[in-house]
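Colleague: Top to bottom, those sequences are chains A, B and C.
Going by my numbering, the letters in the first sequence line up with residues 1 to 232, in that order.
Going by my numbering, the letters in the second sequence line up with residues 1 to 377, in that order.
Going by my numbering, the letters in the third sequence line up with residues 1 to 291, in that order.
Please note: incorrect hints may appear among the correct ones.
Said to hold, decoys possible - Here are the computed distance ranges between Cβ atoms for each label pair:
(1) R211(B) / E177(A): 41 to 49 Å
(2) G260(C) / G168(B): 31 to 39 Å
(3) E4(A) / G195(B): 48 to 56 Å
(4) R178(A) / L155(C): 36 to 44 Å
(5) V167(B) / V68(C): 55 to 63 Å
(6) A125(C) / V170(B): 13 to 21 Å
(7) E4(A) / L147(C): 24 to 32 Å
To be verified - Just a sample of chain C residues kept apart from chain A, beta carbon distances all over 12 Å, derived:
(8) H56
(9) P58
(10) F156
(11) V165
(12) T188
(13) L261
(14) I269
Please keep in mind that the hints were generated in silico from the structure rather than gathered at the bench.
Quick caveat: nothing in here was measured; it's all calculated off a predicted structure.
We treat Cβ as the ideally placed atom computed from N, Cα and C, and that holds for glycine.
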Amino acid sequence: MILELDDVRVTLGGSQILQGVSFTVAPTGVTALLGRNGVGKTTTVKAILGLVSRTGRIAFAGTPVQRLRTHEIVRQGIGYAPEDRCVFAKLTVAENLTLAERRGADHAYDLVYELFPELKARGAQAVGTLSGGQQQMVAIARTLLNDNRLLVVDEPTKGLAPKVVTEVAEVLERAAERVPMLLVEQNLALVRRLAGDAVVLAAGQVVHRGPVRDLLGDAALTRELLGVGKAA
Amino acid sequence: MKRHVKNLIPIAVLAVLLSLPYSTLSIPGVFDGAVNTPGSLQLLALCLLFAGLAVGYDLLFGRLGLMSFGHALYVAIGAYSAELAMKDMHLPLATAAVLAIVIGAAVSTLLGAVSLKGVGKLGTVGFAMVTLAFAQAGSILVGRDPKTTGGEEGLPLSTEKVPAAFVGVVNTVNLYWLALAYLVVVCGVVWWLTGRRIGRVWQAIRDNERRAEVLGLNPFRYQLGAFVLAGTLGAAGGVVHLLVTAGATPETTTTDFTLALLVMVVLGGSGTRWGPVLGGVLYTLLDHRLGAVATSDSVASLPAVLRIPLSQPLVLLGVLFVLVVYAVPGGLAALPNRLRRGGGAGPRRRQRSEQHRLGVVEGEPNRPHPDRVASEL
Amino acid sequence: MSTLVLLTLTGLGLGALYFLIASGLSFIFGLMDVLNFAHGALVTAGAYAAWRLTGHLPFALAVAVAIVTGAGLAALIETVLIRPLYSRPKDQILVTVGLGLALPALVQGIWGADARQLQPPRQLAGTVSLLGAKVPTDRFLLIAAALVVLAALKLFLSRTRYGLVVRAGVEDRAMVTALGIDVRKAFTLVFAIGGALAGLAGALGGVYFGSVSPGQGTSLLVFGFVVVVIGGMGRTDGVALAAAAVGLIQQFTNYYAASGLGDFAAVAILAVVLLTRGNRDGIQRLIRRAA
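Work out the full structure, taking the sequences as your base and the hints as a guide.
Modeller: And the structure:
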């Protein structure tokens, strides 16, 4: 298991968002983290990275990381593409990428520019002037620049036009070929295309675990766990 | 604490304060001589005065979250205006005092409006800097015109215009009553208002200005109102200061004076009823004692390592201040609660999050300060 | 004409001094949202370090030590006192206030309250003739220093990795750590740079005034605040322009109006700027109506 969570609890602003989340992420393929809006998927992701206070055990490739600081956790080899992208608008594309470099970045640029030729062309452009889709590409490119052993991607297609969603999906597919991924997504078509396993959250805990195909094939279960029409 | 017990505390404190001039209690180390001697009464009057000034200042700092670094200006306006009115305009004390307070109100309205207009964009920090700058301007004005303002030396009290009751060592006790009256008035006004609707509005604005706006409140009006009130009370305090210290000194115009108020408020516990009172009294006593110790022979004979910090009261006070900010963030007023809870260790030990460590507010996007432009950094 | 030249250059010299102080403040605030009230104390530390060493060491070295003193002291303050308080920004300001009170008092305790004369090296002591005016040489040093600092800051931000981290951190601190970078090291570095600038300002301020005193740093700090508010917090270019403007207006007012009024004028400009900024809409409406 590349990532293990054991009884992770998070309290924010007085309410208990995560009440004992436990699951594992397989060392290959894409694991989808699903659930209704507001159930705590992003909070789980932030908990893994140490961006919110949490209790519980978190192990990355066997190493306990719950006591490490965020940058130390990331340096263990996690590439993080957050919800809302969080790219640095006033920096150029090239600068955004440079910032993300750690070990093994040199050869990684070949892959990145192969996947994202546009980013090479727009290297000197301020990221704030890019379209949403292009910014998402920057965010994903950042995760591919190092010898990361796990990619954590949070709602990469949020707010993007359908055509762009397809492009992002292709990129994620290529990325997932080489590195395991934990993917938070509301777009079930994308989940079906990319993910092998599903972890479903509800009421602050994991309520379902199993192959994506089985979950999405069961309409009643899907409706019950994920809500009608996904983007609630 | 039960409600009626709580209401008894102010009465009990007042009773004690009323009785002090009649008591021959002696507290060595704190007072030179018994409590009812002129020297001690003078010191006590100063303590009560600064307690009142601190309560007025805390209206801004603790209740509204407005970090003003120029409050000294209004105290100085009170002292200098009253003295100049008596000296140059030959007005009796009562009229001069009223005039001084009116000027204080007017200036605080003007400067408050200018400073606050920018608060939205500049934030707490900008407001602090601006109030500091205006106070500095006042300090410059006072220093510029030594003929009128007495320059570095200040102006001695024009005793001819002052009722005989306030003049002379024998009448020091009357200064004590005056200072006590001032404290009572300030506490009365501030405590009364904070208990009413306006006090809750102030608190709402302090906690979250944007939310208050969304609720249809105009923060500016309430902030300005508090600013003017604080400035007016400060000016009144300036008049009392003039009488108690028998003169107007440029010390009241300095940044250090405002910062002393800030220290008093934080030391005692800002935003509480008694915090500023405690802080004002304690700071004044400490400052006085440390000042006496600093110039004493016993300190002069100490080795340099000890002598140097002890010879400068501000060193110890500054260090004490830093310690209080760290160890006892709520000030002295918060101590009883902390001790009751057993040392103030928070509930359930939780791993500190990175966002917490970086000061990023959970739930809010980490937007840059509105006035910052990263590319132009 | 020669008066004009003299006033302009001395005004720019004063502005340069303000810039050195304000740039440190603005730099620290830009990344860390910390209003450093102890900045004045750092200026004083630099001033006294330079004063102690002038005459014993070559002047350039004395200034270098002042810079290092400011940087070292700032880094120490940041690591020990500021770092634990990032989640409590108001308390951060208060701690710097406490330091700002205690440190100059400590200096006073050691070296006394009186101003101590600073003897600049001979090359700086004279005047330079320019367009008929006799301008004190040290003004040119100040202006040169300010320009070098301005260029260095911009280079640091645009060309170095730490500069990149600072620029990114200003936008989104949390994301920078999520990229595996220890932002807190950048914080300490920024604080140290601010301290270095303060130390330099202290040393050159000592040359400008011909003396050092415990309260000098704090009184200069107020002008630093004025310049930062006018120039915009976190904007190095704006601060540079504001510093020049304030310095010039101060000198001209002192000469043409009345001595001492110049300081007052600086604060008056602040008031005007605040009023116009706060009433931008009102003024735009006024202009439209007048046009």
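Colleague: If you test the structure against every hint from before, which numbers come out violated?
Modeller: 6, 7 and 11
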